[in-house]
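Numbered according to the working numbering, the sequence shown spans residues 4 to 259.
Read the hints as simulated data drawn from the structure, not as lab findings.
Among the hints, a few may not be true.
[To be verified] Pairs of lysine-lysine, DSS-like flavour, derived with a Cα cap of 25 Å:
(1) Lys136 with Lys197
(2) Lys131 with Lys225
(3) Lys75 with Lys145
(4) Lys225 with Lys35
(5) Lys75 with Lys199
(6) Lys197 with Lys131
(7) Lys142 with Lys131
(8) Lys225 with Lys136
(9) Lys75 with Lys197
(10) Lys136 with Lys75
(11) Lys63 with Lys199
(12) Lys35 with Lys63
(13) Lys131 with Lys145
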Amino acid sequence: MKTINNIRRFVAALTIGASAFATQLAEAAPVKNIVLVHGYFADGSGWQAVSKILTRDGYKVSVVQEPETSFKEDVAATTRIVDAQNGPTILVGHSYGGAVITEAGNSSRVTGLVYIAAFEPHVGENLKDLTTKMPAATKAIKATNDGHLYFDAEHFRADFAADVPAAEAAFMASSQVMPAHESFTASVSQPAWKTKPSWAVVATQDRTVNPDLERWMASRAKSTVVEVPSSHVAYLSHPAEVARVIERAATATGSR
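The task is simple: from the sequences and hints, build the whole structure.
What follows is the structure, encoded as C-alpha cells:
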C-alpha cells in the first residue's frame, strides 16, 4: 500500500510539474496574429513580401484594406480586422497607417504596435501638425479639387519609392489610392503607444516623412527603434528587415 501511495504522489508531482511547464511555454510563446495596415498612396497588396515571410514563419497574417475616405472609417476598417483575430495581435502600420494603429491599437486584443516609417501622433495631434513641425524633403504631395491628396507621378519614384524597381514604382504611381484630405487633419484621441509596447522602423533615406521626425516620435513613444537605409516604402524594399522587427515584437509581447 505504501508503495502504491508513493507512486501516486510521484505521478501527481509529475502531472503538476508538466502542467506548470506547459503554462510557462504558453506564456513564452510569441503572439501569432499579425495585422498589417497600409498608408497613403498605396494599398494592402504592398505588404505581400512581408506577409509571405511572416506566413512562412508560422504567423497568421491579415491585411487591412482601408477606404481612406476618412480617418474614422480607416480606424473602423482596422478595428474590424483586429476584432476578427482569435487571440493576441500585433498591429503594424506604415506611414499614415501609424496614425490609424495608434487609435485602433487600444483594442484589448492588441499586445504591441509596430511603426514602419510611420506617424506616432500624441493626443490631439494630426499629420499636418507633425509634418509642419519637421517637414519632409518632398514637395510632390498635391490636392485635388474635391478634397483628396495624391503624389505627383513625376516625383513618385524619387520621393516615395526610390529603392523599388522603376516599373514597379511607375505602376504604384498610376494605381495609387488618393486619401481624403480630412485624414491629414484628423486628430488622435487616445494613443495606444502610451499603454502598449511599440517598435519603430526608421527609414533613413525617407523623403516622404522626415527621418528625424520618425526618430523624434519614436523617442517620445519610447518605441524600440531599428534604422533601415530605405526609402519611404521600407516594407517593399527591405521586407526581411521589416518582418524581423515584427517577429521581435510578437516574441517580446508573447512573453509578457
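Each hint, compared with the structure:
Restraint check for lysine 136 and lysine 197: the C-alpha separation of about 21 Å stays at or below 25 Å, so the hint holds. A threshold of 25 Å between alpha carbons decides the hint, and for lysine 131 with lysine 225 the separation of about 22 Å falls inside it, so the pair holds. About 22 Å separates the Cα atoms of lysine 75 and lysine 145, which keeps this hinted pair within 25 Å; it holds. Restraint check: the Cα-Cα separation between lysine 225 and lysine 35 comes to about 24 Å, which is no more than 25 Å; the hinted pair holds.
Taking the CA atoms of lysine 75 and lysine 199, the gap is near 21 Å; set against the 25 Å cutoff, the hint holds. Our distance criterion of 25 Å between C-alpha atoms is met by lysine 197 and lysine 131, whose separation comes to about 21 Å. Between the alpha carbons of lysine 142 and lysine 131 the distance comes to roughly 14 Å, so the proposed pair stays at or under 25 Å and holds. For the suggested pair lysine 225 and lysine 136, the alpha carbons sit about 19 Å apart, so the restraint of at most 25 Å is met.
With a CA separation close to 20 Å, the supplied pair lysine 75 and lysine 197 stays within the 25 Å bound. Proposed proximity of lysine 136 and lysine 75 is supported: the alpha carbons are some 24 Å apart, at most 25 Å. Between lysine 63 and lysine 199, the direct Cα distance comes to roughly 21 Å. Compliance with the 25 Å bound is thereby established for this hinted pair. Only pairs whose Cα atoms come within 25 Å are accepted, and lysine 35 paired with lysine 63 is accepted, the gap being roughly 6 Å.
For the given pair, lysine 131 sits about 14 Å from lysine 145 by alpha-carbon distance, which is consistent with the 25 Å threshold.
Hint check: no violations occur; every hint is consistent with the structure.
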